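*Asks:* Okay, here's what each chain looks like letter by letter:
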Amino acid sequence: MAETPAPAALPATPPLWRRIWLPVVVFALLALVPFVWSERFILGLVSRAMIMAIGALSLDLILGYGALVSFGHAAFLGIGAYAVAILFSHDIVDASIAFPVAILAGALFALVTGAISLKTRGVYFIMITLAFGQMAYFTATSLSAYGGDDGLRMFHRSEVFGTRILANDTAFYFVVLGTLVLCFLLLKAIVGSRFGRVLRGAKENERRMRALGFDPFRYRLAAYVIAGAVCALSGALFANLGMFVAPAYMTWQRSGEFIAMVVLGGMGTLIGPIIGGIGVTLVEEWLAALTQHWKVIFGPMVILVAIFARGGVVKLLERGGGK
Amino acid sequence: MSSTLLIIQTLNGLQLGVLLFLIAAGLTLVFGVMDFINLAHGVQYMLGAYLAAMFVAWTGSFFIGIALALITALACGLVLEVAVMRHLYDRDHLEQVLATFGLILFLNEGVKIVWGAAPLQVPIPPSLSGTIRIADGVLYPVWRLAIIGSGLAVALGLYLVVAKTRVGMLIRAGATNAPMVSALGVDIRRLFMIVFGFGAMLAGFAGCMAAPVFSVEPGMGDNLLILAFVVIVIGGIGSIRGAFVGALLVGLVDTLLRSFSVDLLRLSGLSPSDARTIGPAIASMSIYILMAAVLFFRPTGLFPAKG
Numbered sequence: 037m038a039e040t041p042a043p044a045a046l047p048a049t050p051p052l053w054r055r056i057w058l059p060v061v062v063f064a065l066l067a068l069v070p071f072v073w074s075e076r077f078i079l080g081l082v083s084r085a086m087i088m089a090i091g092a093l094s095l096d097l098i099l100g101y102g103a104l105v106s107f108g109h110a111a112f113l114g115i116g117a118y119a120v121a122i123l124f125s126h127d128i129v130d131a132s133i134a135f136p137v138a139i140l141a142g143a144l145f146a147l148v149t150g151a152i153s154l155k156t157r158g159v160y161f162i163m164i165t166l167a168f169g170q171m172a173y174f175t176a177t178s179l180s181a182y183g184g185d186d187g188l189r190m191f192h193r194s195e196v197f198g199t200r201i202l203a204n205d206t207a208f209y210f211v212v213l214g215t216l217v218l219c220f221l222l223l224k225a226i227v228g229s230r231f232g233r234v235l236r237g238a239k240e241n242e243r244r245m246r247a248l249g250f251d252p253f254r255y256r257l258a259a260y261v262i263a264g265a266v267c268a269l270s271g272a273l274f275a276n277l278g279m280f281v282a283p284a285y286m287t288w289q290r291s292g293e294f295i296a297m298v299v300l301g302g303m304g305t306l307i308g309p310i311i312g313g314i315g316v317t318l319v320e321e322w323l324a325a326l327t328q329h330w331k332v333i334f335g336p337m338v339i340l341v342a343i344f345a346r347g348g349v350v351k352l353l354e355r356g357g358g359k
Numbered sequence: 368m369s370s371t372l373l374i375i376q377t378l379n380g381l382q383l384g385v386l387l388f389l390i391a392a393g394l395t396l397v398f399g400v401m402d403f404i405n406l407a408h409g410v411q412y413m414l415g416a417y418l419a420a421m422f423v424a425w426t427g428s429f430f431i432g433i434a435l436a437l438i439t440a441l442a443c444g445l446v447l448e449v450a451v452m453r454h455l456y457d458r459d460h461l462e463q464v465l466a467t468f469g470l471i472l473f474l475n476e477g478v479k480i481v482w483g484a485a486p487l488q489v490p491i492p493p494s495l496s497g498t499i500r501i502a503d504g505v506l507y508p509v510w511r512l513a514i515i516g517s518g519l520a521v522a523l524g525l526y527l528v529v530a531k532t533r534v535g536m537l538i539r540a541g542a543t544n545a546p547m548v549s550a551l552g553v554d555i556r557r558l559f560m561i562v563f564g565f566g567a568m569l570a571g572f573a574g575c576m577a578a579p580v581f582s583v584e585p586g587m588g589d590n591l592l593i594l595a596f597v598v599i600v601i602g603g604i605g606s607i608r609g610a611f612v613g614a615l616l617v618g619l620v621d622t623l624l625r626s627f628s629v630d631l632l633r634l635s636g637l638s639p640s641d642a643r644t645i646g647p648a649i650a651s652m653s654i655y656i657l658m659a660a661v662l663f664f665r666p667t668g669l670f671p672a673k674g
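Each protein sequence line maps, in turn, to chains A and B.
Counting from 37, one number per residue, gives the positions in the first sequence under my numbering.
Counting from 368, one number per residue, gives the positions in the second sequence under my numbering.
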């Protein structure tokens, strides 16, 4: 059986516009949003889009740079969200405690499940990550002390060192944007480092990496843990956005959506998944405003992209905008 | 934990296992022959149930309705193959996952538009309704026995087709080494189209059989799809035998633990309240734990079809 092959390799050093200008433009546009539209609805919507973008970004580290198709990524989002909400229900409401706990919880879950999942390859890896995602989902539904199926409500957003600054939607928006930029820069540094090169090398040719004396398993596991931690951080923000968590945060359909975001945006580019995450969330919202049956339109869009738009939005920009 | 309940739940487990086998068989053949991950297989099961509901209501006859539903399910499968699947054979799993994920979104919403969001009911045919006494004080619905019986019959028929016929030989060969079969001059695309349509019909048949027991509603295939994937991963991808063993294993483990996990935990010394909290969680997760355990020790499943 063929291993899930890597997508057409993108050039080792992306062109300058993609490395510098595209991210700058995207983040600048996001920073402008609150000044152009200050309605609560818009701020909440774009905040949600950016939170999803962080999740997609974290998936891209293992999917785009490690060719590991994780189908349980939504579990990390849910774990981060539940960590914050459960601590909240025990009166631990400060982000300085709740967020690190969320990140640690995501990292720990990734360490345990990753150590098992990464023993398998290809379609078996897809399925075992799906299985772990489902386990997390069913665990959440059975947490009757924390709402079970109905989910858990937070009465206000996390405090920051005793202040309720996050209650302000604009402030929260910029916190989310800042987190997104930080995660982008962090992952960019990781991908560009020696660690990232080993990860990419293992994707291109595992045997060669072994011959060079690297153990791909350890690098993949480390990447998996980082991805889990970052996605859990997005979950912590997600819990704060709606002041609510529910098992529905970690359905396998949402894991599928994360994959769609990464592929639609352009995997293996870091800025691509951000564009994909924001784009998918906004398109879903826009279609949902048109018709309640928006998935009838969205589904075929996903199919068409899978069949025709290889490389996603970033690749399209590349073709259109020249090198 | 009475023996009556144990017998009934074992039969229920068998019944779920048989349904899972009908779905998993098509799924694993498609994967085995073309290395194609078809997430949309679950919506084909759902489609079968909806078609059964529609045709049974139209014709007023259960069996004519089921026959029409099967033919239509086959046609739908072939249309999907031509419209979507065929463009994705040579792509990697990621694109297949994505495209068929799009199909799920489309078809789940599509049935809502056509048949409405409210669940539909399919009546059990009078000749197969009622219960039968299978042991002292153990009554069991005839229809559920019919599901078990027809599922086992299909399994036997499938075994004969795959093991004894020329098409079956090609399917087995394709599942073992598709490029080689293709190089020997077999039109692998046509073979796949047959396998795919046939798989869609099997899934549709499972939907027809399930329709009178479960309510027919959008998204009903999603969870069963995940279960079917668990089945074929446990059994070994591409292996019919693996799908059969895996399906019965998953059906029994899931059903039995759902009814007895609390009692078992209590017997093992847990307090009743703890057992009531933990039991259902363990029951929901049991098959995923089973799958993770199998993969941990045998990374290619119990009966790997390929070396």
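What the hints contain is simulated information worked out from the structure, not anything from laboratory work.
None of these values were measured; they are calculated from a predicted model.
Among these hints, one or two may not hold up.
[Said to hold, decoys possible] The calculated lysine to aspartate or glutamate pairs, modelled on EDC-like cross-linking and capped at a C-alpha distance of 20 Å, are:
1) K155(A) - E242(A)
2) K155(A) - E240(A)
3) K479(B) - E320(A)
4) K351(A) - E462(B)
5) K479(B) - E584(B)
6) K479(B) - D589(B)
7) K351(A) - E584(B)
8) K155(A) - D251(A)
*Asks:* Against each hint, give a clear statement of whether it holds in the structure.
*Replies:* Going through the hints against the structure:
As the CA atoms of K155(A) and E242(A) are separated by approximately 14 Å, the hinted pair is consistent with the 20 Å bound. Using a Cα cut-off of 20 Å, the hinted pair K155(A) and E240(A) holds, with the two alpha carbons roughly 18 Å apart. Distance restraint check for K479(B) and E320(A): the Cα-Cα separation of roughly 18 Å lies within the 20 Å cut-off, and the hinted pair is therefore satisfied. With a CA separation close to 16 Å, the supplied pair K351(A) and E462(B) stays within the 20 Å bound.
The suggested pairing of K479(B) with E584(B) holds, with an alpha-carbon distance near 8 Å, which does not exceed 20 Å. A hinted pair counts as satisfied when its Cα atoms are at most 20 Å apart, and K479(B) with D589(B) qualifies at roughly 15 Å. For the suggested pair K351(A) and E584(B), the alpha carbons sit about 39 Å apart, so the restraint of at most 20 Å is broken. Among the hinted pairs, K155(A) with D251(A) is consistent with the structure: their alpha-carbon atoms are about 13 Å apart, no more than 20 Å.
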